[in-house]
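Residue numbers (this note's numbering), protein chains in the order written: chain A, 1 to 647; chain B, 1 to 241.
If you are wondering where the hints come from, they were derived from the structure by calculation, not from laboratory data. Positions of the beta carbon are idealized from the N, C-alpha and C atoms, including for glycine. Fair warning: there could be bad hints in the mix.
Listing some non-contacts, in silico: residues in chain A with all C-beta distances to chain B over 10 Å [as the list claims (entries may be wrong)]:
hint, residue
1, Leu6
2, Ser89
3, Asp102
To give an idea of the interface, some chain A residues facing chain B are shown, with a C-beta separation under 10 Å as derived from the structure [to be verified]:
hint, residue
4, Arg36
5, Tyr65
6, Ile156
7, Ser255
Listed next, the stretches of chain A that the computed footprint assigns to chain B, with coverage defined by at least 3 CB atoms under 8 Å from CB atoms of chain B [unchecked claim]:
hint, region
8, 22-33
9, 528-540
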Amino acid sequence: MNVEQLDIRGHLAQFAPFDNLPDALLDRIAGEVEIRYFQAGSELLVKDQTIESLWYIRSGAVEMYQRSGRLFNRLSEGDIFGYSDLLRSNRRVRYPISAIEDTLIYFIPGDVFEAVCEEDDDFAEFVETGGQRLKVTVEQQRDDSGLMTTRVRKLINRQPQMVEAATSLQQAAQQMRDANATCVLVIDVTETQSAYTFTGPDGRHWQLNGILTDRDFCTRVLAEGKSSQTPVGEVMSRKVIVIQSDESVYEAMLSMLRNQVHHLPVLHRRQPVGVLHLSDIVRHETHSSLFLVNNIFVQNSPEQLARLSPEVRTGFVRMVADGANSEMVCRALATIGRAFTQRLIELAEHELGPAPVPYCFMVLGSMAREEPTINADQDNALVIDDSYDPARHGKYFEALATFVCDGLAACGYPYCKGDIMATNPRWRQPLQVWKAYFTEWMDEPNGERLLHSSIFFDLASVHGEAPMVEVLQDLIADLAPQRPIFLAALARNAKNRTPPLGFFRQFVMDQDGEHRKSINLKRRGTAPLTDLVRVHALACGSKAQNSFARLDDIAETKLLADGVTERLRYAFEFMSIVRIRHQADAIEQGAEPDNSVDPENIDSRERHHLKDAFEAISNAQKFLSFRYIMPTKQGAASAGDNARGRR
Amino acid sequence: MIPRFAMKSKVEPNWPDYLAARAQRTSESRLASFFAQGTLDPETPIGEAPLVAMDFETTGLDGSRHDIVSVGVMPFTLSRIRPADGRYWVLSPRRQLSDESVAFHHITHAEVADAPDFATIIDDLLGLLAGRLVVVHYRQLERTFLDAAIRERLGEGLLMPMIDTMSLEARLHRQSLWARLRRWAGRPMASIRLHESRQRYHLPAYTGHHALVDSLATAELLQAQILHHYDWQTPVSALWR
Chain A
1 MNVEQLDIRG HLAQFAPFDN LPDALLDRIA GEVEIRYFQA GSELLVKDQT IESLWYIRSG
61 AVEMYQRSGR LFNRLSEGDI FGYSDLLRSN RRVRYPISAI EDTLIYFIPG DVFEAVCEED
121 DDFAEFVETG GQRLKVTVEQ QRDDSGLMTT RVRKLINRQP QMVEAATSLQ QAAQQMRDAN
181 ATCVLVIDVT ETQSAYTFTG PDGRHWQLNG ILTDRDFCTR VLAEGKSSQT PVGEVMSRKV
241 IVIQSDESVY EAMLSMLRNQ VHHLPVLHRR QPVGVLHLSD IVRHETHSSL FLVNNIFVQN
301 SPEQLARLSP EVRTGFVRMV ADGANSEMVC RALATIGRAF TQRLIELAEH ELGPAPVPYC
361 FMVLGSMARE EPTINADQDN ALVIDDSYDP ARHGKYFEAL ATFVCDGLAA CGYPYCKGDI
421 MATNPRWRQP LQVWKAYFTE WMDEPNGERL LHSSIFFDLA SVHGEAPMVE VLQDLIADLA
481 PQRPIFLAAL ARNAKNRTPP LGFFRQFVMD QDGEHRKSIN LKRRGTAPLT DLVRVHALAC
541 GSKAQNSFAR LDDIAETKLL ADGVTERLRY AFEFMSIVRI RHQADAIEQG AEPDNSVDPE
601 NIDSRERHHL KDAFEAISNA QKFLSFRYIM PTKQGAASAG DNARGRR
Chain B
1 MIPRFAMKSK VEPNWPDYLA ARAQRTSESR LASFFAQGTL DPETPIGEAP LVAMDFETTG
61 LDGSRHDIVS VGVMPFTLSR IRPADGRYWV LSPRRQLSDE SVAFHHITHA EVADAPDFAT
121 IIDDLLGLLA GRLVVVHYRQ LERTFLDAAI RERLGEGLLM PMIDTMSLEA RLHRQSLWAR
181 LRRWAGRPMA SIRLHESRQR YHLPAYTGHH ALVDSLATAE LLQAQILHHY DWQTPVSALW
241 R
């Protein structure tokens, strides 16, 4: 009989260790499964009884107890148990198991289990190492969900909607509506069996001939004025791009990009078993990068957190290898960095007790812009409620800051060389002091204050009373557009670091230290760009922190000529991703990631793009001095008005 | 399975007697051999009973006007369901397949066009049912359609005891004192359809209206009902009708 209709195989295929089994073995297991229902509270396995099958939880949940009676593990849908007892020669149950919910069990007979262990090394390894989730390391979990290794079928969770070519468009649409599907596959009976046919439940030969998506209903039906009674076969796309259920998710993503489609029918041999949509992949990818974050929040000491820090680097390398863009990589790194910080603050509060007055822990610079790279150091500060009394509360916040900054350093975020950290008493102040700082910096800029502005004016709250940071962001956005001297000085500073391009568009190499003949992509590329974007953002009163978001705000104004923000966006993305790839390569080769790239190591096409990117920055820098002129005494007010008025 | 006829049983109708009588009377050899195998001793504990879940998809609800288009059968016991032992047939209805029924169970005109007639599966089907107690969800449908289909082809009808998971559900949720109180208070009645009944026992949702899937769903439902409201010692006569 056709067990596939019972969805046993489909369910197994979503969970480890079945998800990575070849189709043939999965078919075999699904064909031998036996089923039984257990009521909540009932004992499933009693100590010392013999066990004959591997137990798989189809639905429900169970608990496993140690000899002492202590809870040992809790398992739910898709988990297996009994394998360690099956692997023992006497096959006796060591840990009793009982159902904590009504539970439906699939039994996989012992001989089938043995045969699968024999044939599939990964499966054997999973069960032999007690591969239950309890013991699976972060490393393995992430690898399991990597785009390269995850098979397409794992993302498929329901049967495809199928219609025959003669079906009317209306009927097909109704079927899509009822199933909440975004496409239907069009199949028809054929006389002869061929390499393109599959056998239906009726025993006849069917062939997948077309696909009709919700988008097609717009472009091929409504736009063409087709009647709702038109047969599906008349309007369907005949060119069906498919993928085998064994293929990797990465392959599926490539195929979608290459063929410009969002729906990919998934075949098990020639039988359609589902349809993969682009959003399924996006959802899957988000989930796997969030995994580390989840893990961060369950660690209970800075030492435990520090043990996770190698995972950040491997995760970074994987994302880059998977083809993520710079925005995705940086946002993931920012999310992870924030998670580390938040967890450390929670742990500090747990140790020191609740804060005596409200406060907000804020991050500054690249972390606040959500643009950190893998080698970013920490920049942070504390904003405390105005009821702060240094004599009574000072010790608490000093201890909190020390705990967090030391913890961050242990987790791979080096101390800030410029001492911009909450441990510095100057950056651990009540809100009114911060307001005074910021106002002073803008009113009377000097070298140090400008340097501080370029760090502190990228700010975001991480923990505590977020409105305090919002007050500061509002203050900056309100004042900055009216401070032309400040803007002009900041603009002048933003031009200090120039792109490494000579007069004839040749690269000008740095000659510093061990990086002979190299270009520092941060100092010569992304940093000057973020600096100049910040000047424009401050001038137009933008409250955005992220450079791409700031460029969006700037584009709303007439501050820059048409197309300039687009070019800057492209330059930023390109330089960032080259730098990120360079760092990922370094990590993979066991070296310390840095920002210095030898142009000789970049292929000629990328080199060309890199020059374009540098040129875009160079032009934008020239525009800065033209746009933000140091005002004479009388001109001061009007220049400021001008910047505002053009919003 | 050796039939032992417990004449003391007060259950009406007396199924062992009925089957024995039919075995004597019938002139049709296949039915005679089926009836001769009898049914279970009414006192058999349900936990020891060989069972078989059965589900039909039909062209409509009237056994005299509509036909069976697919049959799913799943032998099982309270301790094990073996999906690999299940059987599924698509059949050709003698009467027109309506568009509504196509939309309902997704078996299309083309699929049934070349399908065999019910006559061709009678031997296999009776072989699977013999010696086992049949379990259905809503016995009115399976009982009438099976009876009519057999009568048309073999000249005599076929009746046998069945456990109806829907009527078990009705007893609990519609006929109990609590259920009547609820109804009196104007609250909606609990749904006793297969899917909704399964939800009450936290059984997973399956794609409905496929005869084999529904037979598996019915088998699981009975396992759950017995554990929650009866026990494995309950005699089959307390459950069958």
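Going down the list of hints, with the structure as the test:
no.	hint	verdict
1	Leu6	violated (5 Å)
2	Ser89	holds (25 Å)
3	Asp102	violated (4 Å)
4	Arg36	holds (6 Å)
5	Tyr65	violated (22 Å)
6	Ile156	violated (14 Å)
7	Ser255	violated (27 Å)
8	22-33	holds (count 3)
9	528-540	violated (count 0)
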